[in-house]
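**Q** Sequence:
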Amino acid sequence: MLALLALGAAASAAAGCKKSEAAEEPTPVATPPVSVAATTRAPVERVRIDDVAVPSAASKVHVAWVVPQGTGVNDDAPFRLRWKTSDGLSAPPEDVTAKGANVNAGFDVDVKPNKGTNYAKLVGDVDLVVCDVATHSVCVPVKRELEMTFAVAGDAAAPSVKVALPEARPAR
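Numbering (this note's numbering), first residue to last: 13 to 184.
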């Protein structure tokens, strides 16, 4: 019986692998191409807005976008605003996390200068995505370091400031 098992094992081994039968190569997994925007980091552009006149009481400063024709804020992409430094304000404004649809026209910043101060400053990072509005085939991540200095004047009206965004166009 032992001889029969040994003979069966030898026959199996001899028949199991022939040099002419190459082992099958694993099939590569197809992955969709990754967009350039998703693989590159947006360069940080520093935007400085000086001497924004604000009242001594709590107020809001509206930050509006200046967007080239044919470009718009991507409604579905995330928008993030994180304040890094605050000087001369009673408290830093809240950080903002939203969708682009919520900030198409810009965003508001709560500003409440310290009592008796005539100067204040905020520095924060803004992250969003702009796309071509016709086809949404080109989307560009945008990263801005926004620095605003405030001139505190007792009777100043709530101001609006503008931040330019880049054009979303195909790379050439």
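By construction, these hints were calculated from the structure, which means they are not laboratory data.
One thing to keep in mind: the hints can contain errors.
Unchecked claim - The calculated label-pair distances, taken between Cβ atoms and stated as ranges, are:
#: 1; residue 1: Ala-103; residue 2: Val-173; range: 31 to 39 Å
#: 2; residue 1: His-74; residue 2: Ala-103; range: 17 to 25 Å
#: 3; residue 1: Val-145; residue 2: Asp-99; range: 19 to 27 Å
#: 4; residue 1: Pro-80; residue 2: Ser-102; range: 32 to 40 Å
#: 5; residue 1: Ala-170; residue 2: Val-78; range: 31 to 39 Å
Just so it is clear, CB atoms sit at the ideal spot from N, CA and C, and this is done for glycine as well.
**Q** Return holds or violated for the Cβ distance of Pro-80 and Ser-102 against the range 32 to 40 Å.
**A** 37 Å, holds
**Q** Kindly confirm whether 17 to 25 Å is satisfied by the beta carbon distance between His-74 and Ala-103.
**A** Holds: the Cβ-Cβ distance is about 19 Å, inside 17 to 25 Å.
**Q** Lying within 31 to 39 Å: is that true of the beta-carbon distance Ala-170 to Val-78?
**A** Distance hint for Ala-170, Val-78 is violated at roughly 19 Å.
**Q** That 31 to 39 Å hint for Ala-103 and Val-173 (C-beta), does it hold up?
**A** Distance hint for Ala-103, Val-173 is violated at roughly 20 Å.
**Q** For Val-145 and Asp-99, compare the CB-CB distance with the range 19 to 27 Å and indicate the outcome.
**A** 38 Å, violated
The earlier numbered hints that this structure contradicts are 1, 3 and 5.
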